[in-house]
Amino acid sequence: MTADVEVLKALVGGVDFDPDALRARYDAERDKRLRPGGDQQYIATAKQFSSYVEDPYVAPGFTRAPLCDEVGAIIVGGGFGGMLMGARLRGAGIERIRYIEKAGDFGGTWYWNRYPGAACDVESYVYLPLLEETGYVPRHKYSFAPEILDYSRRFARHFDLYRDACFQTSVTDMRWDEAARRWHVETDRGDRMRAQFVIVSSGALDRPKLPGIPGIETFAGHTFHTSRWDYDYTGGSADGGLDRIGDKAIGIVGTGATAIQCVPHLAAGAGHLHVFQRTPSSVDARNNRETDPAWAASLRAGWQAERMNNFVTIIHGGDADVDLVDDGWTDMFTDITGAAAKRRAAALGRPLTRIEQRAMTELADFKKMEKIRRRVDAVVGEGATAEALKPWYRQFCKRPCFNDGYLEAFTRPNVTLVDTDGHGIERVTPGGVIVGGREIALDCLIFATGFETNSAFVKRTGFDVAGRDGIRLSDHWRRGVRTLHGLQSHGFPNIFFMGSTQTAFTFLVPFSLGQQASQIAHIIGEVGARGAEVIEATAAGETGWCDEMAAKAHLSDAFYASCTPGYYNDEGNLQNPFGVRASTYGGGPMRFLEILAAWREAGDMAGTELR
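Under the numbering used here, the first residue of the sequence shown is numbered 1, with each subsequent residue one higher.
It is worth saying that the hints were derived from the structure and are not from the lab. The beta carbon of each residue, even a glycine, is placed where N, CA and C say it ideally should be. Where hints are given, some of them may not hold.
To be verified - Okay, the calculated beta carbon distance ranges per label pair: (1) Arg374 with Thr172: 51 to 61 angstroms; (2) Arg438 with Arg591: 48 to 58 angstroms; (3) Arg96 with Pro351: 53 to 63 angstroms; (4) Met590 with His423: 38 to 48 angstroms; (5) His522 with Gly302: 12 to 22 angstroms; (6) Val322 with Gln575: 20 to 30 angstroms; (7) Thr172 with His423: 48 to 58 angstroms; (8) Tyr231 with Phe17: 38 to 48 angstroms; (9) Gly104 with Glu133: 17 to 27 angstroms; (10) Ala28 with Pro60: 14 to 24 angstroms.
Said to hold, decoys possible - Computed cross-link-like contacts, DSS-like style, restricted to lysine-lysine with a CA-CA straight-line distance of at most 25 angstroms: (11) Lys32 with Lys367; (12) Lys390 with Lys367; (13) Lys342 with Lys367; (14) Lys371 with Lys342; (15) Lys342 with Lys141.
Sequences and hints are given; from them, build the entire structure.
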């Protein structure tokens, strides 16, 4: 380590560890978890696993007459992205907006995730969209799932989104009619609809995936995925109180954000709980609290936008005079972003070199993760369980978690951490699971194994799109997503894509979705204002954005290559053309928003053709 970096160690403060030893430990932990196939180690919830995607929250037997009509816009997906899109289109004067949503209501991932303890891990005052417009202030700093679902319904009523909405409905085919300049959309309800515009906002956090463990189909006990929680079996509610499993041996697979929240409730209710762990999560304190009525009453017009912009600025390295959110997220970023580099450069009296900037970020990261590991010791105590719960990787290799009951659950005598040392479960049997050559008997096996986030479009959405001249989106995107600004694709007129399709996301996901919705609404508005009916990305416009994506990809490649496998780095497969890394703009969200703003300001609709 150079002398200059030694100076930085003093500036960072509290560096009482060996960075070289940590790097070696991190590399070793990554290497033993790497396996061929990357995300292909998971299996789709289809065929014999189709029960895992059934909707337990609606009454069976729903029917309705097929629709054969025309609307102004069809939005596929009723989560926050689709809801924000509908709100912006309502503001743009589009009267007939047809939602096609396979769930029974609005809410997206918050419709599906009703497991006990489910809550938002980003401050609700910035997370829940358009609070000022709907006249609502959340009840807690971090809202619980039932309130978020209720708010989704409030949002939909406020913007009149229920009108023309089709729930419990899935798209089966989507085709562009060049002569009519309309999209034809068919569904599993026999619908044959038409629309001038289509927006696909089907999200990535609704279709569960399962680990490809040998024998998974043979388990004879009860089983379900956390996004389809079976309260008939466990008893209780989203608030906990799981009173029907007191005599049951429960196993849960997965230790990500979902398990962090539901494990404390399973631990309190189960006869015995086995938590099967391949890689531990980073778990810091949550410190949730009820909203102060006096603070809520003091809010003035523009408060949410100000708070959101402040939060996004801080976590992406900008300068802010005050930290309005002041929580675990902003604390993490305070010491690793560009603002931190400026502070340390000022202390040194000179700019930091690139080597010093990298070293400063790494040291601050190491320091934070050391604090996380020491928290495990403080809560769980010394011993094998505490050691196994410690995360050995950089803090953004996996989504950081916050909870005030997860680590505490492992101090209970009826909870066993089954650490697989990075290898995972060997086999599922009719009576349980095998780990380390030993069978653990279970009455119930719960999968907290996430969603289809790194899959190709058709696999993730369940339908294909036929554009101009019959070209299929699955063919056009065969080697990876190709778009202009992540929103439009050449050969596919009047259709827009929302989500992680060559865009840039912050940890404040609704903020990013809101920016996409505003951009799409602007484009649709310009189509009408310029006397056109059709807009399409040009081949040159699409290629230009793909080139920009490729040019900026290296900014995150080295970091994610060093990480333990997870969905952020496509389970270690950095070549996955549909993964989170490949679909995320490496220049960062702030630069991405600047590009969109400059495009709107120029006014020439560069990279598109109107007709």
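Checklist entry - Looking back at the hints listed earlier, which ones does the structure fail to meet? => result 6, 7, 10 and 15
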